[in-house]
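*Asks:* If you want the building blocks of each chain, they are given just below.
2 protein chains.
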Amino acid sequence: MKNYGHAGNTFNKYGRMEMKEKDFLRKMLPRFRQGTEIAVGPGDDCAVIDVGKKDYLLFAVDQLVANVHFAMKDCTPESAGKKLLKRNLSDIAAMGGLPSFALLTVAAKFADKVIDARWLDKFFAGIEAEAEQWGVSICGGDISSTRKGDAVFTLSIAGRVEKKKLCLRSGAQNADILFCTGRFGNSYKSGHHIAFVPRIREARFLAGDYTNTMIDVSDGLLSDAAQLSSMSGCGIRLDAGKIPMRKGADLQMAQGEGEDYELLFAASPRKALKLKKKWPFKDVSLTEIGVFSSGVRAGKIFDGKNDLVKKISPGYDHFTTKK
Amino acid sequence: MKNYGHAGNTFNKYGRMEMKEKDFLRKMLPRFRQGTEIAVGPGDDCAVIDVGKKDYLLFAVDQLVANVHFAMKDCTPESAGKKLLKRNLSDIAAMGGLPSFALLTVAAKFADKVIDARWLDKFFAGIEAEAEQWGVSICGGDISSTRKGDAVFTLSIAGRVEKKKLCLRSGAQNADILFCTGRFGNSYKSGHHIAFVPRIREARFLAGDYTNTMIDVSDGLLSDAAQLSSMSGCGIRLDAGKIPMRKGADLQMAQGEGEDYELLFAASPRKALKLKKKWPFKDVSLTEIGVFSSGVRAGKIFDGKNDLVKKISPGYDHFTTKK
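Protein chains in written order, with the numbering used here: chain W, 377 to 699; chain P, 377 to 699.
Keep in mind that the hints were calculated from the coordinates and are not lab data. Please note: incorrect hints may appear among the correct ones.
[To be verified] Dumping the calculated DSBU-like pairs for lysine-lysine here, alpha-carbon to alpha-carbon at most 30 angstroms:
id	chain 1	residue 1	chain 2	residue 2
1	W	Lys687	P	Lys485
2	W	Lys449	W	Lys396
3	P	Lys449	W	Lys403
4	P	Lys449	W	Lys430
[Said to hold, decoys possible] Anything over 10 angstroms on all C-beta distances counts as not near chain P; from chain W, calculated:
id	residue
5	Val437
6	Lys489
7	Asn682
[Stated by the list, open to error] Here are a few chain W residues that face chain P, going by a calculated C-beta distance under 7 angstroms:
id	residue
8	Pro406
9	Thr412
10	Cys515
11	Phe572
On a predicted model such as this, the values are computed, not experimentally measured, just so you know. From the three backbone atoms N, C-alpha and C, an ideal C-beta is built for every residue, glycine too.
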């Protein structure tokens, strides 16, 4: 695996961070038996719990590892804290939900004096500022030392979504339009992976009224689109030339790097027409980048008619290079 | 800090693991603003969420760090997995609740070949077996690599408790009896810290009917009793001679080592009488070890009349050596 761009991160050639680990988890989690209240278990952006009310409870966890997900020397502790919470908020957004409360863990070697009380105070301040902005209660946590000096932070978040607004990765049908919010690529160098705004506002506008099939782009546009495709049982014909790119990005970066924290979603042709007229957010672009097609096998993405750019099987992720 | 007994753990002289870190967290967490649905925020064994039904939702997180909370060379991966879940179950028990669902994270350096796919498979199998026993749905998770080779596992758990059964650390009153379940001390060498059974059965019997003031002993009997005392606003007169000791333990170990995962709780004299008659569990002892006393300042524990054995202030933990 070739490190790209930045000494402190583990983006590989295609920017897909830790895909091997993610694949492993995709194989391991299905072993766990799910109780009847679990409406959606492992495999989506959040677990969905049926608490017997008009809303579902959403439940997700994400990690931030120093010098894996952020570079200690380039990132303020406040920004690292914000990123941890925002990664989780992006997962809640992808389900069409609103965040409610969260728990925090810190594991670090305090004797190292890199992650010390002063650093942690600022890290907590970053989380605090972000949490207040979104009305999230950080209602508990745990702190531990590590032996070798890694610093691992986790945040587990609960949220809520009205049952009719729930968005899953499955549900896209033949002829549905594939939309994206925002721009893609060059997230790391541009600082977007730290500065991004989780798309909760946009997701809440879309959920239920325009779509019930959505994912947030963390692993890379093609990877995450392939998840929609695979779980919906319907292939995708992508129009890669339409993918909106962040400044400094090329198509390969836009398709594969990840950490964009934008939304990908499916809308029926009728709803797509209405959506393009009604999209109210001047500061966030909305772009049609493809169409779901039952003529393409689930988990496969073609650029135009004949150019296979991505193929996944359940529990297995394979990248086909696109020149 | 002097390591005791075992190369792979960080028990200090009094067995109180990571108290410095825990104290830090006690200072940091109160900064976070809590929404109106948070009935109990940071500072108890679980956060308590009022979801507008007859039950509260409980929410807690715990970590397991390799060679801090368990020694890689002495502990099977299955046992480590079980311990991670059981630590969380013990927190749910302390609130009088039942566990429902949980999320799991793994951060490790997979290239090290210590924590590899085979090890993790067994670790997950341990969690799976324990989860099935208690009806816990492991409904999602995340996996990441670390840079330096630490292995950090977290589990965030949700549970439920009927509102009238909720047990907090606060609520003990003058003349209430301090009870404990089971035995104390020598948890590490005896293997109890791995093999223990979380006291959910016992807690469910007690909660609401005999007590609403409870804590589980993870930091050490005196430390955790002092938490009950401090948060209840009422000191404790302990009868240290009555503390039931695990085989191989002395009084100092029993009072200070921690990782006992037993329950400490307060019962009124009237309920205490009834409880001693009705306690149905032949395999788990129930022992009166002290009495709450308004004549002793909150957060202070005297052994008998005059021997101060423990004193804490809010956010500050101080151990007074008892010979």
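*Asks:* Hint by hint, say whether it matches the structure.
*Replies:* Against the structure, the hints come out as follows:
1. Proposed proximity of W/Lys687 and P/Lys485 is supported: the alpha carbons are some 28 angstroms apart, at most 30 angstroms.
2. At roughly 26 angstroms between alpha-carbon atoms, W/Lys449 and W/Lys396 fall within 30 angstroms of each other, so this suggested pair holds.
3. At roughly 26 angstroms between alpha-carbon atoms, P/Lys449 and W/Lys403 fall within 30 angstroms of each other, so this suggested pair holds.
4. For the proposed pair P/Lys449 and W/Lys430, the alpha carbon gap of about 49 angstroms is over 30 angstroms, so the pair is violated.
5. With a least CB separation of 4 angstroms from chain P, W/Val437 falls inside the 10 angstroms interface cut-off, contrary to its annotation.
6. Every beta carbon of chain P lies more than 10 angstroms from that of W/Lys489, the smallest distance being close to 14 angstroms; the non-interface claim holds.
7. W/Asn682, annotated as away from the interface, keeps every beta carbon of chain P farther than 10 angstroms; the closest lies near 36 angstroms.
8. At a threshold of 7 angstroms, the smallest CB-CB gap from W/Pro406 to chain P is about 10 angstroms, leaving the interface hint violated.
9. Against a cut-off of 7 angstroms between C-beta atoms, the interface hint on W/Thr412 is violated, since the closest Cβ of chain P lies about 9 angstroms away.
10. Among the interface hints, the one on W/Cys515 holds; its C-beta lies about 4 angstroms from the nearest C-beta in chain P, closer than the 7 angstroms criterion.
11. At about 18 angstroms, the closest approach between the beta carbon of W/Phe572 and any beta carbon in chain P exceeds 7 angstroms, and the interface hint on this residue is violated.
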